[in-house]
Structure formats: structure tokens, C-alpha cells
Amino acid sequence: MNKEIIAAIVAGLFFGAGLALSGMADPARVRGFLDIFGGNWDPTLMFVMGGAVVVMAVAWIIQRGMIKTWLGTDFSLPPTTTVDRPLIMGSVIFGIGWGVAGLCPGPALIGLVLEPFKAGIFVISMIAGMLFFKFSRVP
Amino acid sequence: MIDLQDMMISEGLVGGIFIGIAAAIMLLAAGRIAGISGLFANAVGLVSGSTSRNFAVIFMLSLLAGAWLAQVLTGEVVSRYPDNITLIIGGLLVGFGTRMGSGCTSGHGVCGLSRLSKRSLYATPIFMVAAIITVSIINLIGGIQ
Numbered sequence: 002m003n004k005e006i007i008a009a010i011v012a013g014l015f016f017g018a019g020l021a022l023s024g025m026a027d028p029a030r031v032r033g034f035l036d037i038f039g040g041n042w043d044p045t046l047m048f049v050m051g052g053a054v055v056v057m058a059v060a061w062i063i064q065r066g067m068i069k070t071w072l073g074t075d076f077s078l079p080p081t082t083t084v085d086r087p088l089i090m091g092s093v094i095f096g097i098g099w100g101v102a103g104l105c106p107g108p109a110l111i112g113l114v115l116e117p118f119k120a121g122i123f124v125i126s127m128i129a130g131m132l133f134f135k136f137s138r139v140p
Numbered sequence: 038m039i040d041l042q043d044m045m046i047s048e049g050l051v052g053g054i055f056i057g058i059a060a061a062i063m064l065l066a067a068g069r070i071a072g073i074s075g076l077f078a079n080a081v082g083l084v085s086g087s088t089s090r091n092f093a094v095i096f097m098l099s100l101l102a103g104a105w106l107a108q109v110l111t112g113e114v115v116s117r118y119p120d121n122i123t124l125i126i127g128g129l130l131v132g133f134g135t136r137m138g139s140g141c142t143s144g145h146g147v148c149g150l151s152r153l154s155k156r157s158l159y160a161t162p163i164f165m166v167a168a169i170i171t172v173s174i175i176n177l178i179g180g181i182q
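Chains A and B, in that order, are what the protein sequence lines are.
Counted the way my numbering counts, the first sequence spans residues 2 to 140.
Counted the way my numbering counts, the second sequence spans residues 38 to 182.
Everything labelled a hint here was simulated from the structure, so no lab data went into it.
If you're wondering where the values come from, they're calculated on a predicted model, not measured in any experiment.
One or more hints might be untrue.
[Said to hold, decoys possible] In silico BS3-like links for lysine-lysine, alpha-carbon gap of 30 Å or less:
1) A:135 x B:155
2) A:69 x B:155
3) A:4 x A:69
[Said to hold, decoys possible] So the derived list for chain A, only partly shown, Cβ under 8 Å to chain B, looks like this:
4) 3
5) 52
6) 66
7) 68
8) 72
9) 104
10) 105
11) 114
12) 117
13) 122
14) 128
15) 129
16) 132
17) 136
We put the beta carbon where it would ideally sit given N, CA and C, even for glycine.
Next up, chain A with everything else stripped away, as it sits in the complex:
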């Protein structure tokens, strides 16, 4: 477990730094990226996602040849195949929220460091949204 904590720290540091460097911490820029019909499209975030996906694709290729993790633990990965209503509906709702505020969870959380009051309002609302889902869920 202790070694896993080190992995969490290193991954967290890289992720937070990457988000801050990438421009995704700026909701106005994110909305500029999403505004593809607005005539002043900002493609920066395509390079963010592209860079991350390429590196991660290599990681998945490496992972295919592994039985255990580098730390000797088992992989604990989510299912990939079942496309159901919650996946579709949830993605639509998330997308609308992302477009409204220009924030998805990662950039909102690092906003707690960069712009604490504004990001705090969003993050508290996000927790409320998660709670609402948790207690409204139809079994």
C-alpha cells in the first residue's frame, strides 16, 4: 500500500501540473475550444487531449504484456463493453455542464489552488450534483 501511495503522489503531481500548464484551467479558453461555430475557434485543447491520448495509448500497449502492475499488485480496471442508458444520459448531462461553465472535474479541482473562491463554488455544486445522483438513483 505504501508504494501505491507514492504512485498516487507522482501521478497526482504530473496530472495537476499538466492541467495547469495546458490552458484547461481557464474556463474562458475551454469555452473558446468548445465554440467551434463561433468563428474564433481555439484548438489548444485538442492538443492537450491528443498529447495525453498518445502517451496513454503507449501505456495500454505496455499494459497488455503485463500480468501484475510494476508494484506487483493486481490491475483494477473498469468494464469497457456495456453501453447503457446511464452512460449515454450521464455523458449528455456532463457535456451540458461542461459547456455551461467551461469546467470539467480536473480543471475545477486545481482551480481550488488558482482561483479558490470561484472554483470552490463550482466544486461544492459538483459535490451536490454527485450527492443528488447518489440519492436519486433508481435501483
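Once you've looked at the hints, dock chain B against the given chain A.
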């Protein structure tokens, strides 16, 4: 016209590669998906899965530390936020939607797409298109302050 002055393509690429390295470490060392919405829900105690809360909390604190370090080392990180009502509406939708859809830009968009996960190959274009339509409608009716 695209304003070349305003773009941050190299910064975006470097940031993206950092995010990719982070997600790769999560996968290859910890055996997990670097999905921020799931790890955050776990850290605040809203879900319990195979990942311990301790792990999720440490990851979240490191995420904030990484952003803080980047800001200190590179100078000002720009962040232009909308008004508070917009933040509340957006936050509620993002929280609800990411739990219902089991992921956000990081889990589905970065980790899932690169894994060619069928679920993520559906989820990612859906939330991208939903976001693009939302922004277009908002701008059409006068925008957000």
C-alpha cells in the same frame, strides 16, 4: 479567423503529455484508471470501490500540489471564470452527469479512448457534442458574463 496570438499549442501539448504520463503511472504502477471524477467522489466519501479512500485523497492533494507548483514555476496561470450562478448550474450538472456516466474528460476522454473502450468511444463524443451544442446555444442567446 483563428487568432494565432491567443493559442497555446505548445503549452497544450506539453500539458497533455504530462497528463498522459500521470495516467500512465496510474495504470502501470497502481493498476488503475486516472479518472478524476471517480477519484474525487471516492476522496470525498461518495463512492467506495476497490480504490481506498486514502489513495484517492492523497492523489487529490497531489493534484492540487502539482498545479500549485506549475503556477509557482511558470508564473501566472490564467483562469477566467464565469459568474457564480453559471458555476453553480455547471457544477451541479457536471457532478450528476459524471457519476451517472461513470467518468469525465480524464477517465473516458484520455484513459478510455486510448484503451479503445467501447463505453468511452460512446461517452466521449457524446459529452463533447453536448458541450459544443451548449456553448453554441449560450453564445447564440447572448453569452455568459
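Hints, verified against the model:
1. Distance restraint check for residue 135 of chain A and residue 155 of chain B: the Cα-Cα separation of roughly 25 Å lies within the 30 Å cut-off, and the hinted pair is therefore satisfied.
2. A C-alpha spacing of about 24 Å is found between residue 69 of chain A and residue 155 of chain B, which places the hinted pair at or below 30 Å, so the restraint holds.
3. For the proposed pair residue 4 of chain A and residue 69 of chain A, the alpha carbon gap of about 14 Å is at most 30 Å, so the pair holds.
4. Nearest Cβ of chain B to the Cβ of residue 3 of chain A: about 11 Å, over the 8 Å cut. The hint is violated.
5. Below 8 Å, beta-carbon pairs count as interface contacts, and residue 52 of chain A has one with chain B at about 3 Å; its hint therefore holds.
6. Using the Cβ-Cβ criterion of 8 Å, the hint placing residue 66 of chain A at the interface with chain B is not satisfied: the shortest such distance is roughly 11 Å.
7. Look at residue 68 of chain A: its Cβ only gets to about 11 Å from chain B, farther than 8 Å, so that hint breaks.
8. About 6 Å separates the beta-carbon of residue 72 of chain A from the nearest beta-carbon of chain B, less than 8 Å, and the hint is met.
9. At a threshold of 8 Å, the smallest CB-CB gap from residue 104 of chain A to chain B is about 6 Å, leaving the interface hint in force.
10. For the restraint placing residue 105 of chain A at the interface with chain B, the shortest Cβ-Cβ distance is roughly 4 Å, inside the 8 Å limit, so the hint holds.
11. For the restraint placing residue 114 of chain A at the interface with chain B, the shortest Cβ-Cβ distance is roughly 5 Å, inside the 8 Å limit, so the hint holds.
12. With 8 Å as the threshold, the beta carbon of residue 117 of chain A stays out of range of chain B, its nearest partner Cβ sitting at about 10 Å, so the hint is violated.
13. Nearest Cβ of chain B to the Cβ of residue 122 of chain A: about 5 Å, under the 8 Å cut. The hint holds.
14. For residue 128 of chain A, the interface hint holds, the least distance from its beta-carbon to any beta-carbon of chain B being 6 Å, beneath 8 Å.
15. The closest approach between the C-beta of residue 129 of chain A and any C-beta of chain B is roughly 6 Å, which is under the 8 Å cut-off, so the hint is satisfied.
16. Annotation: interface hint on residue 132 of chain A holds; nearest CB of chain B at approximately 7 Å, less than 8 Å.
17. At about 10 Å, the closest approach between the beta carbon of residue 136 of chain A and any beta carbon in chain B exceeds 8 Å, and the interface hint on this residue is violated.
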